[in-house]
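4 protein chains.
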Amino acid sequence: MINVGIIGASGYTGAELARILINHPEARITVATSRQYAGRRLSDIFPHLRGMADIICENLPVDELCARADLFFTAVPHKTAMDLVPDLLAAGKKVIDLSADFRLRDLAVYEKWYQPHSSSHLLGEAVYGLPELYRQEISRSRLVANPGCYPTSIILGLAPLLAAGAVLPQTIIADSKSGTSGAGRVAQTGSLFCEVHDGFRPYKVGRAHRHTPEIEQELSVVSGESVKVTFTPHLLPISRGILSTVYASLAPGFDRRSIDDIYTLKYRHEPFIRLLAEDIFPATQYVRGSNYCDISYKIDPATDRIIVMSTIDNIVKGASGQAVQNMNIMCGFAETAGLGIVPFFP
Amino acid sequence: MINVGIIGASGYTGAELARILINHPEARITVATSRQYAGRRLSDIFPHLRGMADIICENLPVDELCARADLFFTAVPHKTAMDLVPDLLAAGKKVIDLSADFRLRDLAVYEKWYQPHSSSHLLGEAVYGLPELYRQEISRSRLVANPGCYPTSIILGLAPLLAAGAVLPQTIIADSKSGTSGAGRVAQTGSLFCEVHDGFRPYKVGRAHRHTPEIEQELSVVSGESVKVTFTPHLLPISRGILSTVYASLAPGFDRRSIDDIYTLKYRHEPFIRLLAEDIFPATQYVRGSNYCDISYKIDPATDRIIVMSTIDNIVKGASGQAVQNMNIMCGFAETAGLGIVPFFP
Amino acid sequence: MINVGIIGASGYTGAELARILINHPEARITVATSRQYAGRRLSDIFPHLRGMADIICENLPVDELCARADLFFTAVPHKTAMDLVPDLLAAGKKVIDLSADFRLRDLAVYEKWYQPHSSSHLLGEAVYGLPELYRQEISRSRLVANPGCYPTSIILGLAPLLAAGAVLPQTIIADSKSGTSGAGRVAQTGSLFCEVHDGFRPYKVGRAHRHTPEIEQELSVVSGESVKVTFTPHLLPISRGILSTVYASLAPGFDRRSIDDIYTLKYRHEPFIRLLAEDIFPATQYVRGSNYCDISYKIDPATDRIIVMSTIDNIVKGASGQAVQNMNIMCGFAETAGLGIVPFFP
Amino acid sequence: MINVGIIGASGYTGAELARILINHPEARITVATSRQYAGRRLSDIFPHLRGMADIICENLPVDELCARADLFFTAVPHKTAMDLVPDLLAAGKKVIDLSADFRLRDLAVYEKWYQPHSSSHLLGEAVYGLPELYRQEISRSRLVANPGCYPTSIILGLAPLLAAGAVLPQTIIADSKSGTSGAGRVAQTGSLFCEVHDGFRPYKVGRAHRHTPEIEQELSVVSGESVKVTFTPHLLPISRGILSTVYASLAPGFDRRSIDDIYTLKYRHEPFIRLLAEDIFPATQYVRGSNYCDISYKIDPATDRIIVMSTIDNIVKGASGQAVQNMNIMCGFAETAGLGIVPFFP
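Protein chains in written order, with this note's numbering: chain A, 43 to 388; chain V, 43 to 388; chain E, 43 to 388; chain S, 43 to 388.
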């Protein structure tokens, strides 16, 4: 049993970490922080947690934090995370950072898309926390950069194909759709019920979304060449869920059979990947609340394109669930510990 | 570890039984039946269960069924259940019936609201499966009539007050609102997305809903006199959740303080009742997916009325979760076994 | 053709006034104000109005406002309205105030529920803008206090019964459910999509909602005695629509037939009231976007209670549509001018 | 004033025709047919139309139908339409067919995707009812094949670019998302509220949807070469609205400026096309209920792809509104007559 701290507990990913950790057999939440809600119970902020996570949120300096837990989830905005993580590591703590601050290995790329980096010396050490790609590195790491939600869905769908040379890297288009929890719990007009409900829209179209370099970094690693993707995010009138529909041209010689083999070989032992049969397509509501990523694909024979469909719950496999999966790997627990949550339908 | 069967696995309550039992430490599903989907995996019907409940649905005669499990959940329509239950009991099985067939103790009342009863000899034996009222009887029973969803929400909110004489029984009005899963998975125009979404409506107004006699039966028992309630169900554009707003006139001499005492005394040790502080009101989204019933109340000083608000997930505490709670009690398991599911929000 | 101004155009009621007035045969919008969005097109704030209401929002002093229109809709918060209206009237303008500032005739009641009133000398002059009750007074008025959304639904349902002595005034309970647009376009956590979607909750329970005195004022007028109601508002996960389920005890001697006569006599010539047949119940989605109020009722014979169900679109008949109806009456236009919008379904 | 008939009035497109025609200055509904609901008022089937479209649905032979109206909307399934249209034309009536039966000019293509055609002699005469492309032909036609909803959104977005040679025809990918009304009012499990709500999914992926040949036919005409598109439909948890995100590679020499010119030149006088400024993206909720098509685009400089976003209300511009627009053109009415409906938001 380890003691864990949630830094930034009052957002949706913080609440979701609590939801998962409440039933975790090897970890217990011993500290939760919130500037805005210091002094209030986590279950006052999130009444669904009443009786289950009544821990009082605090606003503590790093040294007091460090005295209270062995491992920390930093569920704070980028920029805030980079200032906090070095001290946690210096105190000998393990850190899983849910912000974007340690996901990009190239400092210049980070600073182009975000802002100057105060802890760039850690970029080389941080491991990109996608267990399906970096399990070994995660197990030896003290700092894991938990992937973004869109990148998780897209990379899990494409990586086996790119690694096998089955698709042409320069042809990738990712049309992604996300639930509104991805916008966080910030009070802003665009996230109001009346603005989102019964509607649908794209946003940050055309190389404008900050997940673009993260997607390209990882797809370039697996393909061995520099990949540029066209990535279009859209806002769904649902709370949770991302579904990415990814298009690419097949490389010569690949077909349904060989692609099946590629996916099976790569994912057959993965506990959180579910490969669907042909003509069974994924749906966000079938992974809701769980750590699963459901993947299906279809080949369009008239154009030799493959359409890969990949869906996750954006705050579970796309954030807090994946973070717990990383914790399990870092700490030597069963990788599925605490993550046996059955998808929630209807 | 016991073997359990789900008879009628292709409805929402059947799927929900599976969702809960998958993680139950003392029970495993060894048989699931469906006429319509015989020969198909339960996870083909309900893809969220892929990899977790891939059991093949069957259409079996009762004797074969009985050879396959120790306890059965009958998640079939009323009328079907009454014909099936006697054989299961005769084979020495425990039965938790989720239909209405064994909820009403008075045969005449049953036959007035439903149809002739083929197993009326069991009405006296069946225990109304509301653990907060009948825990002892359930523990000794072989046949539990799992309560209706609306009655669960209303009775749990009112029973302590009626038992204590704190409200006038002839003044009760229950204005209830239910999510659409309560209508089941039947393909009917009125349940289509386009008919329900972004809308709200009452239905079966004025002593027309079959849960009325069930509510009156149990409220009459606790109050010791014949209670007539005005009960109005409404259809919410949500999947799950019931919230009942119940009105009654306070009996002379009762106030916030004495009512607080009544509820606390009755429910302080109940694992699935959460009493909320004054001016904290329940919301369906805070119990979603869990077995909790959240209760709050407010007194209107100008009219001496009490407004009791009670919310549950209609297919958990209002159906499948309560059924598993009953199983736990009948089998001597920890009452909360398998039911530690944290509410799902957002 | 008259020139009208919308003061406070950037809220949902302001946008809805624009939506209706765009197609009004006798009025055109000549000025729209917004502090926050001054200098921007109304259609930049509300893109659905692109090409139809591209007027530029301004922040003008009252005298300049007065030079630009003959009639004003004040769609601003209470307190702001009371400071503005006297100058508009002094300049000879007609005013329809959508705030609460001129709805309550009793200054003490207003100041108890709101704050001190700076224009109390106008309380006696202002006419409560419910045409079904005050058509004559509205036609002669220069200041109309447009009713609240909840009161409109409740009063239209109950007034004929109270006027006829058909129900006992001291037994009234109004259980009301409103869409989220009623909370306005304010960026607040409680109105976020993720907080409201797939959920349902009561709020301001037990004589806490400011519409209570307004409801009681008007019901007292029609009944001829002081009426106290228990009023419980709830928040629906829909954009628009209020449905009120109102309970009262029938007075001796009244039945379906006599109640039918009462409603028919009162409402048969009303252009925006639709009376439904027995066992046909209203639904918010059938009035959505229109100025209709659909009313139905049912008698519970076991308790001698009547259940009146009344539904409106909260920002049409509950706000902007009723305001235009009042404008039509004040200006001598056809009462239905511009209000022939067909309900929007599905 | 002409008399019009709605054949197949009990579906969503039938109801929507009624909603629009109620306020049409030049047309009145004189006959409405329904097999299932013959003898019942249209407003009994669709209560939102109460008091506005109380016409009684009938089930009439063609000759009686023909005696009752001058122009017919056939809002029936494909196959049914092809058997009915010849008799209507023979009686001298104008016909706007909302089914797929007369959209494909190539009989072989039709019979490959649908079934044998009983009225193939009319395929050459029927005009594809997209006014922005075929206004002249429509004005002279007696048989208009009203376009499919997905094709309308995609063709309106792409046609100007293909006509100008601005994109490479072999690179087109259309990722489309539709509201659930597109599935019609058929009682089927997959369209139930609980199956669709709070979820999102692709369907008929990879050259499986019957709108594919319709899209390819029209894009081939405008581009002058045979176009194959990859088209992926998805199901949104909204009632109305289609948004298509369309990807293509830019032809050499084209940029933001030249593309702006192309769209402006083509669409500046179109009453129902709204072109949005750069970085203003369309949203289904801003066209809801109206006949508008909102179009925006963005160029991804790193890949030289253009992303065209196009949104319509699938049962207005994607069906019934476009049908009325076609009627207006065929009958010489103002093209916008009856179609000044303001989009409905929130």
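These are computed hints drawn from the structure, not numbers from a lab.
Where hints are given, some of them may not hold.
Since copy identity is lost for identical chains, a pair holds within one copy or between any two.
Straight-line distance between alpha carbons at most 20 Å, and here's what the computed SDA-like set of lysine to any residue pairs gives [what the hints assert, rightly or not]:
(1) K121 / Y305
(2) K121 / R252
(3) K154 / L164
(4) K270 / S291
(5) K308 / G93
Worksheet item: Against which earlier hints does the structure fall short, listed by number upward?
Response: 1
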